[in-house]
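Peer 1: Sequence:
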Amino acid sequence: MERLPILKSVVKWFPIYAVFIFLFGFLLALYALLYFQPPGVPLRAADYVENLPKDQVRIGVDSITGLYPNIPFANETLSLNSGIFEGLTAIRQGRVQPSLAESWTNPDPLTWRIKLRSNVKFHSGQILKASDVRYTIEEAKKNEDWVSSFIAARVDSVKVVDDSTVELKTAKPDPTLLHWMVFLFILSEEQVKKDGLDKASGTGPYKVSSFSKEEAVLEANTGYWDGVPKVKKLIYTAFKDEESLVRGLEDGKIDISFVIEKVFDEGIKNKGLRIIPASNSGLGYIGFDATSIKAKYVSSEKNPFADVKVRKAILLALDAEKLLKDAGSENAALSQFATEDLVGFNSQLKRPAPNKIEAKKLLGEAGFPDGFEVTLDTADFAKKIPEQIKLQLAEVGVMVKLNVVAESEDFYNKLFSGDTSFYYLNYVADTIDSTDLLNSFIHTVDKKTGKGSNNMTAYSNEKIDKLLDRASAEFDSRQRAKIISQVHAEVMDELPLVPIDKTIVFFIVRDDVSFKPAPFGFIFGFELSGRQKASNTTQ
Numbered sequence: 001m002e003r004l005p006i007l008k009s010v011v012k013w014f015p016i017y018a019v020f021i022f023l024f025g026f027l028l029a030l031y032a033l034l035y036f037q038p039p040g041v042p043l044r045a046a047d048y049v050e051n052l053p054k055d056q057v058r059i060g061v062d063s064i065t066g067l068y069p070n071i072p073f074a075n076e077t078l079s080l081n082s083g084i085f086e087g088l089t090a091i092r093q094g095r096v097q098p099s100l101a102e103s104w105t106n107p108d109p110l111t112w113r114i115k116l117r118s119n120v121k122f123h124s125g126q127i128l129k130a131s132d133v134r135y136t137i138e139e140a141k142k143n144e145d146w147v148s149s150f151i152a153a154r155v156d157s158v159k160v161v162d163d164s165t166v167e168l169k170t171a172k173p174d175p176t177l178l179h180w181m182v183f184l185f186i187l188s189e190e191q192v193k194k195d196g197l198d199k200a201s202g203t204g205p206y207k208v209s210s211f212s213k214e215e216a217v218l219e220a221n222t223g224y225w226d227g228v229p230k231v232k233k234l235i236y237t238a239f240k241d242e243e244s245l246v247r248g249l250e251d252g253k254i255d256i257s258f259v260i261e262k263v264f265d266e267g268i269k270n271k272g273l274r275i276i277p278a279s280n281s282g283l284g285y286i287g288f289d290a291t292s293i294k295a296k297y298v299s300s301e302k303n304p305f306a307d308v309k310v311r312k313a314i315l316l317a318l319d320a321e322k323l324l325k326d327a328g329s330e331n332a333a334l335s336q337f338a339t340e341d342l343v344g345f346n347s348q349l350k351r352p353a354p355n356k357i358e359a360k361k362l363l364g365e366a367g368f369p370d371g372f373e374v375t376l377d378t379a380d381f382a383k384k385i386p387e388q389i390k391l392q393l394a395e396v397g398v399m400v401k402l403n404v405v406a407e408s409e410d411f412y413n414k415l416f417s418g419d420t421s422f423y424y425l426n427y428v429a430d431t432i433d434s435t436d437l438l439n440s441f442i443h444t445v446d447k448k449t450g451k452g453s454n455n456m457t458a459y460s461n462e463k464i465d466k467l468l469d470r471a472s473a474e475f476d477s478r479q480r481a482k483i484i485s486q487v488h489a490e491v492m493d494e495l496p497l498v499p500i501d502k503t504i505v506f507f508i509v510r511d512d513v514s515f516k517p518a519p520f521g522f523i524f525g526f527e528l529s530g531r532q533k534a535s536n537t538t539q
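Under UniProt numbering, the residue at position 349 of the sequence shown is numbered 349, and the numbers go up by one with no gaps.
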């Protein structure tokens, strides 16, 4: 069974003096008393008691787009639907964990043998069976409008072994398959065939009470296999923009939401609300055409970005912390092509201190002592950071002309058509494994495997490819993480991309709601609970 990274303690006994045994036992007992409270005991955090029951929580969202499976692969839509439906795995407390799958093994690199959790009921009353898994995956493969169709496509075939066991076959080793299965929600074959897909029933902690584009009301599933949720009712309300959403919080109409930009002032804390900044696994970076002999939109005959010295000069010329501050951004400087919450993040890598003298020296060694002129492509919604990049690069002789593309679709079409040599782009990982980013943006383009699908300038590095291919076939989670960590080190040496910033989003939460940010900026209703000041609760 593939195990996700967990903290393990190994205790080895050696002859020691009795006093140390006594001290060890005392400290262990104290640790257990403080940290391992029995189920159901409220958790204390500073001056608050957490994990309390609550009648309802009102969640503000940008839009309510529908119910699985005909929904977009979007943050708020998946957050809402994950309370109603479930996959074989789920994100719990920031990790991918078993959900409808109780356990799994890999008899060979192409097979996932999955044991389903017993006595799980759909909201419509049917018991979960292996045939429901087969039905859902096969239907998703046939219907491209299903949000999970691209995930189901990773599965070559499905075999029902018995009612509680299913085998998934893949065409090639796929150690991250169950990371993706978080978003492939399992449906009841019997119920869908009887009532229709638009009335599909889930197994999740909440049932649909009412649903419209303006408001969705979910009621706690009292028969949920993992226990009744702490919050009895979730009310999702759609707001037209982030400013009106913040007003809804200030006026007491909603209890929790998240905003991508800081469209509020600190005074909001005086209105019974608190602000929780968090990463949403998004990052911003500069991309280059590092392969062409003559690059587009560059003043020199020779392509400057083909030389790693120029790419390193760009990195050293940029003071990421200052440019983010000057851009009015709350984002944080990035040390590599991943954020800390992604598997494989290399904690040994540090962003080098800005050094304009060294940057100019590298440019001279590469044959550009006087710098060069270049066009930097960016989307309109992200232009503030590129504006500061332009100013800082001018200090080392790289004169940047900004090309701000108004429509996002036009911007992406420009990049994917290869009509660029220098661009700034934002991206949010789809899973908590950083091979999602690396295989997509840095691996050599391979149409057969789908790798390099977002490698817009045809960068190719055999050493990096081999490491990524090893990681893509390695089922031992810790070994995979080590390989990926090595890839990040290689990427920062070669710099096919220059990381700039990690996206910081803001959760605004009412003081009586207990909440901990989840990956990707999700708000999971089943992880919400009540919260009160300690003085207001029974001690």
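Simulated from the structure, these hints should not be mistaken for laboratory data.
Treat each hint with caution, since some may be false.
Claimed, not checked - Below, in silico cross-link-like pairs of lysine-lysine (DSS-like), each with a Cα-Cα straight-line distance of 25 Å or less:
| hint | residue 1 | residue 2 |
| --- | --- | --- |
| 1 | LYS115 | LYS169 |
| 2 | LYS448 | LYS466 |
| 3 | LYS466 | LYS383 |
Said to hold, decoys possible - Computed spacing ranges between beta-carbons, pair by pair:
| hint | residue 1 | residue 2 | range |
| --- | --- | --- | --- |
| 4 | LYS253 | GLY418 | 28 to 34 Å |
| 5 | SER212 | GLU395 | 49 to 55 Å |
| 6 | PRO277 | ALA458 | 33 to 39 Å |
| 7 | LYS142 | SER300 | 47 to 53 Å |
Glycine included, each C-beta is placed from N, C-alpha and C at the ideal position.
Peer 1: Now tell me if each hint is right for this structure.
Peer 2: Hint check:
Annotation: proposed proximity of LYS115 to LYS169 holds, straight-line Cα distance about 15 Å (limit 25 Å). Between LYS448 and LYS466 the alpha-carbon distance is near 16 Å, which keeps this suggested pair within the 25 Å criterion. Between LYS466 and LYS383 the alpha-carbon distance is near 35 Å, which puts this suggested pair outside the 25 Å criterion. Against the hinted window of 28 to 34 Å, the Cβ-Cβ separation of LYS253 and GLY418 comes to about 47 Å, which falls outside the hint.
Look at SER212 against GLU395: about 54 Å separates their beta carbons, and that is inside 49 to 55 Å. Taking 33 to 39 Å as the suggested C-beta distance range, the pair PRO277 and ALA458 conforms, at roughly 37 Å. Judged by the Cβ atoms, the range 47 to 53 Å given for LYS142 and SER300 holds: they are separated by roughly 51 Å.
Hints 3 and 4 from the earlier list are contradicted by this structure; the remaining hints agree with it.
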